[in-house]
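> Starting from the structure of chain A, add chains B, C, D, E and F where the hints point.
Protein chains: 6
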Amino acid sequence: MKMIHVLFLFALVSFTSHASVNDFCVADLKGPDSPSGYQCKPPNTVTVDDFVFSGFVAGNTTNTFNAALTSAFVTDFPGVNGLGVSVARLDIAKGGSIPMHTHPAATELLIMVEGQITAGFMTPTALYTKTLKPGDIMVFPQGQLHFQVNSGNGKATAFLAFSSANPGAQLLDLLLFGNTLPSDLVAQTTFLDVAQVKKVKARFGGRG
Amino acid sequence: MKMIHVLFLFALVSFTSHASVNDFCVADLKGPDSPSGYQCKPPNTVTVDDFVFSGFVAGNTTNTFNAALTSAFVTDFPGVNGLGVSVARLDIAKGGSIPMHTHPAATELLIMVEGQITAGFMTPTALYTKTLKPGDIMVFPQGQLHFQVNSGNGKATAFLAFSSANPGAQLLDLLLFGNTLPSDLVAQTTFLDVAQVKKVKARFGGRG
Amino acid sequence: MKMIHVLFLFALVSFTSHASVNDFCVADLKGPDSPSGYQCKPPNTVTVDDFVFSGFVAGNTTNTFNAALTSAFVTDFPGVNGLGVSVARLDIAKGGSIPMHTHPAATELLIMVEGQITAGFMTPTALYTKTLKPGDIMVFPQGQLHFQVNSGNGKATAFLAFSSANPGAQLLDLLLFGNTLPSDLVAQTTFLDVAQVKKVKARFGGRG
Amino acid sequence: MKMIHVLFLFALVSFTSHASVNDFCVADLKGPDSPSGYQCKPPNTVTVDDFVFSGFVAGNTTNTFNAALTSAFVTDFPGVNGLGVSVARLDIAKGGSIPMHTHPAATELLIMVEGQITAGFMTPTALYTKTLKPGDIMVFPQGQLHFQVNSGNGKATAFLAFSSANPGAQLLDLLLFGNTLPSDLVAQTTFLDVAQVKKVKARFGGRG
Amino acid sequence: MKMIHVLFLFALVSFTSHASVNDFCVADLKGPDSPSGYQCKPPNTVTVDDFVFSGFVAGNTTNTFNAALTSAFVTDFPGVNGLGVSVARLDIAKGGSIPMHTHPAATELLIMVEGQITAGFMTPTALYTKTLKPGDIMVFPQGQLHFQVNSGNGKATAFLAFSSANPGAQLLDLLLFGNTLPSDLVAQTTFLDVAQVKKVKARFGGRG
Amino acid sequence: MKMIHVLFLFALVSFTSHASVNDFCVADLKGPDSPSGYQCKPPNTVTVDDFVFSGFVAGNTTNTFNAALTSAFVTDFPGVNGLGVSVARLDIAKGGSIPMHTHPAATELLIMVEGQITAGFMTPTALYTKTLKPGDIMVFPQGQLHFQVNSGNGKATAFLAFSSANPGAQLLDLLLFGNTLPSDLVAQTTFLDVAQVKKVKARFGGRG
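Sequence order for the protein chains is A, B, C, D, E and F.
Just so we're aligned: 85 in our numbering is position 85 of the first sequence, and the numbers increase by one with no gaps anywhere.
Just so we're aligned: 78 in our numbering is position 78 of the second sequence, and the numbers increase by one with no gaps anywhere.
Just so we're aligned: 123 in our numbering is position 123 of the third sequence, and the numbers increase by one with no gaps anywhere.
Just so we're aligned: 138 in our numbering is position 138 of the fourth sequence, and the numbers increase by one with no gaps anywhere.
Just so we're aligned: 31 in our numbering is position 31 of the fifth sequence, and the numbers increase by one with no gaps anywhere.
Just so we're aligned: 13 in our numbering is position 13 of the sixth sequence, and the numbers increase by one with no gaps anywhere.
Next up, chain A with everything else stripped away, as it sits in the complex (with noise of 0.2 Å):
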């Protein structure tokens, strides 16, 4: 009986001692990253806990969208690294906006938990833009310049699920108004007028 159990382990650890590896990689946010994600934790450390985030609640949306991200990416959550998918909470205060933006080569699905959203993306020839309420999913392929406007009369609240586990959020106004680039530049790439370009930089700290 002892034999049989012994041969058992055996068995068991021949079967067993490469399946730990692969299955997942949870993610050693002190290490480097790479173009696959970071390296994996080593697989005896690896606890429940990493594959639980908490805190996937409404953000302060006193600010200047009146709205917040609560976002559970592979640098807030490690057990996603390397799987291909993260979410992120979505809460609008009313007459809030999450401004145009994209998340360079991540597709963004969003459910609606509560309230009214109106969204859309544009492409050079189409613009799809729906309002949404509860029971609703709208979906915004990979790189597709997006926005999310709270449109009812309350607060709004939607989750977010993206197709990688670090999508970044990259908001136009940011990329447009909140660097050196030099105002005429911003104007002649924009076909903006220099007054206005100079105007919104004043709102989100670019300069030039």
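In case anyone wonders, no lab produced these hints; they're calculated from the structure.
Just to be clear, a hint being listed does not mean it is correct.
[What the hints assert, rightly or not] Over 12 Å on every C-beta distance to chain A, these chain F residues come out as not near it, computed from the model:
1. P32
2. T62
3. D76
4. L83
5. T180
[What the hints assert, rightly or not] Think about it this way: if two alpha-carbon atoms lie no more than 20 Å apart in a straight line, the pair counts; the simulated PhoX-like pairs of lysine-lysine are:
6. K133(B) to K94(B)
7. K198(B) to K198(D)
8. K130(F) to K94(F)
9. K199(F) to K199(E)
10. K155(F) to K94(F)
11. K199(A) to K199(C)
12. K199(A) to K30(C)
13. K199(E) to K94(F)
14. K30(C) to K199(E)
15. K198(A) to K198(C)
16. K199(C) to K30(B)
17. K30(F) to K30(D)
[To be verified] Computed footprint of chain F on chain E; a stretch qualifies when at least three of its residues, placed anywhere within it, have a C-beta under 8 Å from a C-beta of chain F:
18. 27 to 35
19. 45 to 52
20. 65 to 72
21. 79 to 86
22. 184 to 190
23. 194 to 207
C-beta: ideal position from N, C-alpha, C; glycine also.
Quick look at chains B, C, D, E and F alone, frame taken from chain A:
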């Protein structure tokens, strides 16, 4: 002025003629599937409704599992074709559960919305289990056997995000007990008793 | 001797029957597209001309942008289907520019051929800009908003390489000002003034 | 003449300096793993022995399963790192089996070498099972639950090819019965009787 | 009871309707190929025989190479479509060889079954060669030029696993000497003598 | 006013903290390589010069091939790390050529800039060859053996784009004749005469 307009249109055509081809590929569900997904609908027939899914509401939980899965996978929601992400809604009545299952090659992220769920996944050498409440997220890495049990006092709701446009859902009971695999073969390859196999087969429609 | 020849042909068939299937997949542009690209033309109808693109010459720059993009993307050049790379030629007259744009999910490499171009891309926290001359190359990572301005005294030419057979080109002005998205919604989601939005819309054909 | 030789060496360097970097990436198993595999050993320390695995012989089948799996996965065979393929040898004594298991995200191809194996995999709606003899191959698509039983009169041997350098092997019995998941929770999520769960747990080392 | 059964069936449908779509994609070889593989046969027409290949036996080695390759690639074995793995059997008579060849973009793993094979691959800066016997495995990384020679006293057999469902096999002699590329052009681009080129062309059917 | 600014900065942080991580990954060439590329430099040490390569000029063609390849691959140009694209410049003096070679797993696009090049690639069953002039582009699909010969009356220049950040370049002569593979083994696996093998080996530094 008109000349400029014509020239502008010329520029517009030269810049945009290909833009709508690869940025998205809405599934033509009447056509054949391929390893990378369904064929694309002609871009000029695509409307915003291809990118919006309605009916992401609680399913009927009056069934064997006291649970319901409402999916927005590519076959329900052609706009996610080829984009590597999809979502589903999980409703579990008090006492119910989503029994042991896998999504072959898709990672699942569970966002708690209401109630309390005890969930977990297992590797050959470790068990990762947690009781989750609203504000919690748990990730089940690709291909791992996992379960979700309503461990609270009322109904529970969660939203699921998957790293695939078509993650499927392979319920272990259906795989083992829902077909004509002979009971003694099931017993031999699971170490269950034949009597137990036959008993559960009766529940899940299996024969043999 | 003849016997050996026959046997040799037999061997040749057994070794080569599948070789032409996966090594390339020339697009059948009359068939449907899919997430991985177009269907393949039957290998026996493929000729060298499927792998050669002619007409990679200067485009007409007499237009709104004083610039022209001549593309050899999959819809122009079926031989690159499924191969993850394509090229384009950029000609910018004196004073012209390629305004702000993105290629969703494709990286761009710019090789300077003639003249001088000032180019750059922006992230939310950084600006990367450089004045380029022949002998210089600049890379614009996937999905980043970028621009190219002729900053020299004559015309400028560059060759572009993309990490996609179909990178598209999303000009920001067309996205924001070339469709029916209401001007107040554009203003709200860009922090531009409504009057400015309407002014640029007039130039790019937008209404509303 | 000597001049030409020197110039030739110059050419050789300019052509080959990068050639050894990406063509292969032998695993440095002492370094960390990443989502794409292990770090590469420095190319100048790589020898032919990194690309050769010896000891692909019958394992000891005197164990609970009367079976042995001899693996040449990346952790055994660093030369396959990052190459998306690996192999294993399966030996099953008379009466033995490889019980129900999955390889998360890896497809398995089984080549019969000796004896007779009855194998199969199940989806929620179908059973695919076959008795295999030398000359037969069977494919088990990625992530599918499958089994192999020696259904012949002597020992059976098969070679397995996987679409991953590190496919793992998740034996269902270890997942369900080899850990501390409470027996009533196992019962609830499998529809097995608690007594049955406890009985098999005793065999596979589970508690609770 | 019947009600429960009906509800159970409802649950079964809601859980399984998409499960068979993405888990596998058996090739419809009568349809077109695409960059990701062939279109899928309708799931309801798939049988276990799509996942089983028979005839993985020794090929006829009475030919120019004294060798035979028996392939189970996607065009022979539609069940591997889209799964990124396939296998072949190699038989080499005494004195025979598989001459220099590549598999574009597919890695090859060779498992020795019988006899002795001397195999190797070359990079611009290194040679990796080994004499292999049963129990040995050798990996030839993707796209590398490699060869296998029967260096033993009898016939030799090996099984090959590839990291592609359709790896092809590009025999160098056929590429250089089996077509109408002019002999002087072959000579110029190989540094071989024209007379040698013409001599080998006569053997491999080339002209010009 | 100041309050708004502070809140705005808060929003800026919450939106941008992850944005710079995955959008690019400039290679830290002092660190180890991995199957997906080099580790990333810390984002705060990245400057525009990481994204610019200078020195894309004609190489010295006074060598055995009368040709030069100037590469901007990841080891030359760390900004392309993980982005799946790179470029090179090809200069061929009158009478020179780039002899037969492959890029394992990378497709090559050749853009003619000056002069005339006759180029081609071969499969086991077909030859694709063309004489190219400025304005022409030719694609050589991944892993195919190909060549480029200056067939004009002066020097020729082309720019090359690759579907890999590190395509390498495997010159056939170096593989066959530049190492210690015994001449009789080369002869056996190429069907060349031993005397021819030894003659070319003397040119390319091979022994044995």
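> For every hint, state whether the structure bears it out.
Hints versus structure:
no., hint, result
1, P32, "9 Å, violated"
2, T62, "38 Å, holds"
3, D76, "17 Å, holds"
4, L83, "8 Å, violated"
5, T180, "35 Å, holds"
6, K133(B) to K94(B), "15 Å, holds"
7, K198(B) to K198(D), "18 Å, holds"
8, K130(F) to K94(F), "18 Å, holds"
9, K199(F) to K199(E), "16 Å, holds"
10, K155(F) to K94(F), "5 Å, holds"
11, K199(A) to K199(C), "16 Å, holds"
12, K199(A) to K30(C), "49 Å, violated"
13, K199(E) to K94(F), "28 Å, violated"
14, K30(C) to K199(E), "44 Å, violated"
15, K198(A) to K198(C), "18 Å, holds"
16, K199(C) to K30(B), "44 Å, violated"
17, K30(F) to K30(D), "18 Å, holds"
18, 27 to 35, "violated (count 0)"
19, 45 to 52, "violated (count 0)"
20, 65 to 72, "violated (count 0)"
21, 79 to 86, "violated (count 0)"
22, 184 to 190, "holds (count 4)"
23, 194 to 207, "holds (count 5)"
Comparing the model with each numbered hint stated earlier shows that hints 1, 4, 12, 13, 14, 16, 18, 19, 20, 21 do not hold.
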